[in-house]
Every structure is written in structure tokens, then in C-alpha cells.
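*Asks:* Letter by letter, the chains look like this.
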Amino acid sequence: MKQAGFPWLFAHEIRLLWRGSILVRTQRHVLVPVIAVGIIFQAVALLIAWAGGKQNFSEAILILIANVNMIFLFFLMLARAMTSAIDVLYSRGDVDFLLASPIPPGRVLAVRMIGVAATVASPWLLLGGVLANGLAVFGHPNALALYVVIGGIAVLATAAAFSLVVVLVTRTGPAVARRISHSLSLVIGVVIFALGQAPRYLPKAPMLKFWQALMPNAATADSPLWLPGRAMLGQALPLAGFVLVAAALFWLVLALLGKNFASGAISAAAYAHGGRPGARTGHFRANPFAASMLKDLRLLLRFPGLATQTVYRSLTLVPVAMVLTGRIAIGGGPQVVVPLIVFLSGQLSLFFISVIIGSDQSPELFCSSPAQPATGRRAAYAAAGYGTLIIMALPVIGLLFREAGVFPVTVTFMLGAILCNLSLGQKLPIPLLRPQFGKARTGTVLGLILGVSISTAWAFCSWMLVTPNPLAILKLS
Amino acid sequence: MTATLVVRNLSKSFLRPVIAGLNLSIAPGEFYALLGPNGAGKTTSLRMIAGLLQPDAGEVTVCGINVLTDPLEAKALMAWLPDEPLLYDRLTPLEYLEFVAGLWRVEPALAKSRAEELLETFGLWPQRNERCEGFSRGMKQKTILAGALIHEPKLFILDEPLTGLDAASARLVKSILQSRAAAGAAVILTTHILDVAQHLATRIGILAGGVLRAEGSFAELRTLDGDSSASLEDVFLRLTRP
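For the record, the sequence lines run as chains A and B.
According to the working numbering, the first sequence is numbered sequentially starting from 29.
According to the working numbering, the second sequence is numbered sequentially starting from -3.
Calculated directly from the structure, the hints in this document are not laboratory data.
Check before you lean on any hint, since a few could be wrong.
Simulated restraints, written as ranges between beta carbons of each label pair [stated by the list, open to error]: (1) 100/A to 109/B: 54 to 64 angstroms; (2) 113/B to 391/A: 26 to 36 angstroms; (3) 68/B to 119/A: 30 to 40 angstroms; (4) 400/A to 219/B: 46 to 56 angstroms; (5) 165/A to 132/B: 33 to 43 angstroms; (6) 129/A to 109/B: 13 to 23 angstroms; (7) 68/B to 484/A: 33 to 43 angstroms; (8) 164/B to 119/A: 52 to 62 angstroms; (9) 484/A to 50/B: 35 to 45 angstroms; (10) 90/A to 132/B: 52 to 62 angstroms; (11) 164/B to 391/A: 27 to 37 angstroms.
Covered stretches of chain B (chain A as the covering partner; in silico rule of three or more C-beta atoms under 8 angstroms from a C-beta of chain A) [said to hold, decoys possible]: (12) -2 to 7; (13) 38 to 50; (14) 106 to 120.
Listed below are several chain B residues computed to face chain A (Cβ distance under 7 angstroms; list not exhaustive) [said to hold, decoys possible]: (15) 72; (16) 82; (17) 86.
Quick reminder that beta carbons are idealized off the backbone N, C-alpha and C, glycines included.
Could you build the full structure based on these sequences and the hints that come with them?
*Replies:* Below is the structure:
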């Protein structure tokens, strides 16, 4: 009998990854919106490339920018690849089945790794590719090297991710490994955000000095450290070298892991660790609301990636904190934080209620109980609202001290945004990574869009009420 | 004596009739096994009895309480165990029992002692503080069974309760259910393990095509079949033949 070939297995892998993606899980028709978004991106990228093409940057600056971007891209892809590697090695549950089939184990592992590389590269190929196309159109054909470089970074990140995941799972189990990958993506996200905001709160001179010190100069220009940056800029030899290094490292990791994968040692490592602990004390209550709220809070707190997702959503609090502490001033005065607080409250509550709904694996248990049907809904609202209020308490108290006059409006509109989003999320929870919805429920992009619209509407109305000049927000002073 | 469960003319259609005019009566202390081939309507019947699915017609009463008009009062007397052990993966068995006890308003001190006893009985005490995500199907099934027992219901509605259990656990569950029946609770369960029905059930109902084809004790079913030496498997296959 002929063995299943590499292309057949790869097509199968890509189909599984595609069907497992959040986009396909939540939307019936995905190709039309994806193509539409692609066209819009390309149009915007052409404008950016047209404007950017007129700038004359020195080669040293370009190499530095390219190198920094490659480092960020590598770590962002590494975090994503780690999560995907855990999924394809430990969560999908088909490794033992494939190892029991007549397909060579090395081929299975290679296909999984290439599949993960393709998955982590695809969003960046879409984002970076349109920009490269634009630059190529406006006289910089070397920019097309970006496609190759993104592929190379994805291959490197995947090789590193598989090695890290196998070591971490063997030592700590898949749950801790997944937490580390989430934390890594959080750290990278925060560093990128902090660097983006740095000019707002750091003096210009030391910043300039810092970047100049990093830039290649006459003595260091030929250092291999700059090869990745040069590859990104489309210089032929560095590009070829980068591709060769990436391929060699990928092959090395594949060869090193292949033997353990074939023997089943890699998949078996996940079972070597005991279950994760929960609460140690009993909290028995003869009250369906209290019992349901406690259960919802536990499910919320134990949702994988909760901290990462919450911190990402709460980055809005950075400008809020800066305005409240007087580090930056934005036209319109401190009242400008009111719409930000209202918007974030709405978004956080929608996220939390979606997590609670998405974690309710056994809704029938509640339905079969003698508790009032509304009790479960109220408990979910209370748990999600409680989580939101805990996060928002500090900025609201800060606002009370700084601008007490806007406090009533802030609290009223905050509660309005929270309640509307809680009701929305109960019916249309937003798509989440790794939800475990009960029967016949799923997250929806419509919920996401409506949630943003509702939060924006409440934020806009609050802004109209607290400021005498709504357009002043456009001025940075 | 008032029957614990009475089902009258229960009907349900999903494009085609799934259950047509089902009548059942189960007395306190009775162990009733509802058998039938795949798609016979067993799970649909149990879901309607548990108040999870609205019937098109008919009536269900539990200890004289109408499930359709007083669902919450009726549910307080029942325990429902689904065919799939859907458990909260991110809760521990102890936390799961806390939740179930809260829903059924079991007095906290009593709930705590029952929870500890049930976890010990089912051999889950060492895992009481571990999340259920890593549990085997059998361990999940035992956790759900413990949840069904914590509020001491008068009626157990169990859909394939022995699936996934090892021999020792299956024997334990059978003996627990028997002891609950001996204490006056009524049990209605579905199973594909005919041996369980033959040896445990005081009465057996055979459902096929949404219709109750036969009902009675094993001896009565044999008589109905006209072969006093037939096994339950023989009787079942003959009665459910299309």
C-alpha cells in the first residue's frame, strides 16, 4: 500500500488549522470579508508606501529599524507558535492515532511544524506583504524580500517554539507551558506599546542618544548582527544567508525532536504531570445565586489567557493614568479620561461575560436544577461586573480626586456601558481563544462589533456631557 | 402508594415523531430500565421528564408535582445525569459539588459532610482539589454521579450512567443506586448493557420507534415473548425488530 505523501498530509494539516482558526469557527462566509479587508489594506499600504517612499533615511537608520522589527516579529511569532505547538502536539489528541498509522513519524512532525510556521506567518504576510507590494510599486522592488524574511522568521520562531514547548511540557506540563507562551506575548505587546508611548513621557535628547548608540556605525557596519536587518532590506547575500540559517535550524530541531516524537515520548510527557490545583477550602452555600457567582468567578479567573487579554484591553489605562497624574496634557483637560474609562468598562465587561458564557460547559446542569432561570444570568452579570469594577476602581478613584465634578457622569455612563455589554454578551458572546461553550453556543464577531459600537456610543455621549468643547480632544498640548 | 413518576401520553416530534404517547408510572423504590435501540427516543424521553425539553403533548408529574407547570418544585426532587459527562473542566470535584449543593439549596454543613463522604466513596478524595480537566471519562462520570447524589433526590433520571466506568466503579454505582432505591428513591435509567437491566431493574420498558413496545419485569417480558428460557437480549431483539 502506498504511504500517504507529504502534500496529502500537509493539505490535511492546513485544513485542520484553517477550520480551527477563530475566523472560521465564528463565521460561515469568511473568504469575501477577508478579500475585502485585503483590498482595503492594500489601498492603505499604497498610500503609506507613496508617502514613505519620499522620505530619505540613511542606510544605518533603515537597518536599525529593520533589525528591531525583526526582533519584535520573532518574539510575537514565537509566542503564537508556542501556543500552536502545544495545540498540535498535546491538545488535538490525534498524535497517537497518527503514530499508529503507517505514515513515517518524522513526516508527521515535519508537517505539523511547517503547518504552525504557515499559521504564524500568515497574518504578518498579509500585513507586511501589502506594504512590500506598495513599496515595490513605487520603485523599491527589494521590499518584496519581506515575504521571504517573514517566512524565514516564522520558520525560526517555530523551531524555537517546538524546542521550548517540548522542554517546558516535559518539566512542567502543558498548562504551565501555555501560560508561559501567553505571558511572553503579553510582555512583547507591553514592550511594543511602551516603546510607542516613550516619546510622550521621556525627554527627547536621551532617547535620541539611545537609538544613535544602537545604530550601525563605521566600526560595526559589517557585523553579522545586522545581517537580518540587511536581509529585510532585500540585500541579496544577507537574504540568502538568513534563509539558509533559518532552514538549517529548522531541520536541526526536526532531527533532534524526531526520535522522541516517533517513540511517543513527546506526547506522553503531557500525562506525566498531575492535575492543576483549585481552591483548597470548601465554600458550601445553600444559595443558588451565591453558588453560581462563585462558580462563574472561578471559571473567569481560570480562563487561559485571561491576564494577557485583560492587560491588552486595559492598555487604554496608560494614557488615563498619565493624564490623571499630569504627565501629559491633552486638549480638553482631564475630562478626556471620562470617555476612555466608559469605553474600557464596556469592553472589559463584554470580554468577561463572554469568558463566563464560553466556560459554561454544562448549562444543562443549571437547567435541571430547581434554581430560577434568571438566577444564573444574574450571577454571570454579577461576576463579570465585579471583575470589571475591580479593574476600573483605581482610575475612577483617581478621577474623583482630580476632577470630582465629572464623577457622577462617569459612574452613570460606566454602569450604562457595562450593563448594555453584559446583556449583549449573554446573547452574543465575542469569539475567544480556547472557549468551551456548552451545546449549540459559540462566540460571534457580530457581538464584538456591536460591543465596540455600544461602548463607543456610551463613551461619546459621556464626552459630550463633560466637555464644553468636544473637538478639543484633537489637540495635543 | 403515590407513584414517584407518572408520564401520561408524552409526545415529541423533531420533523418526525420521536416519542408518541408514552405512558409510564414508577413507584417509590422502583428501579426502571428503559431500553431501546439507537434513536428509539430514550434520551428525548428522559430530557422531557427532567424538564429540559418541552413536550408537544402529555404530562409528567414527580411526586404529584407537574413538571410542566411547577418545574422548579419538581426539579428539586430530581437528579439528572446526562449521557455525556459534561463537567466544568476548570473546577475541582469539590468545587463542582459546592456548586450543585448550592443550586439545590442543601444546608452548607450537611452538604460539606455529604460531599466528603461521596468523594471518599467514589475514590475521588485524593483528587478533590485537582481540576477535572485531566480526568478520565470514568472519573468525570463519578464526579457527576456524586453531584446527582449530594441532594438526595427522590427520583434519579440517569442516561447511560455506567458508560466509561471500570468494573469496580460500575459495581459501586449499581450498589449505590440499589441502596437508594431500597431507601425509597425511584430510579429510571437507560442502558445498552442488557445485563444491568436484567439483574438490577424491577421493571423494564422496551422503546422502539418512539413507542413503548413492552413493559414488565424480566419474567413478564419472557412470558410476553413466549419463551421462558430466553435471555433479555433475545427478548429485546425480537421486540425491537423492525
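*Asks:* Are the hints correct? Go through all of them and say.
*Replies:* Going down the list of hints, with the structure as the test:
no., hint, in the structure
1, 100/A to 109/B: 54 to 64 angstroms, "56 angstroms, holds"
2, 113/B to 391/A: 26 to 36 angstroms, "28 angstroms, holds"
3, 68/B to 119/A: 30 to 40 angstroms, "39 angstroms, holds"
4, 400/A to 219/B: 46 to 56 angstroms, "48 angstroms, holds"
5, 165/A to 132/B: 33 to 43 angstroms, "59 angstroms, violated"
6, 129/A to 109/B: 13 to 23 angstroms, "51 angstroms, violated"
7, 68/B to 484/A: 33 to 43 angstroms, "40 angstroms, holds"
8, 164/B to 119/A: 52 to 62 angstroms, "30 angstroms, violated"
9, 484/A to 50/B: 35 to 45 angstroms, "40 angstroms, holds"
10, 90/A to 132/B: 52 to 62 angstroms, "57 angstroms, holds"
11, 164/B to 391/A: 27 to 37 angstroms, "32 angstroms, holds"
12, -2 to 7, "violated (count 0)"
13, 38 to 50, "holds (count 3)"
14, 106 to 120, "holds (count 3)"
15, 72, "4 angstroms, holds"
16, 82, "4 angstroms, holds"
17, 86, "4 angstroms, holds"
Against the hints set out earlier in the document, violations occur for numbers 5, 6, 8, 12.
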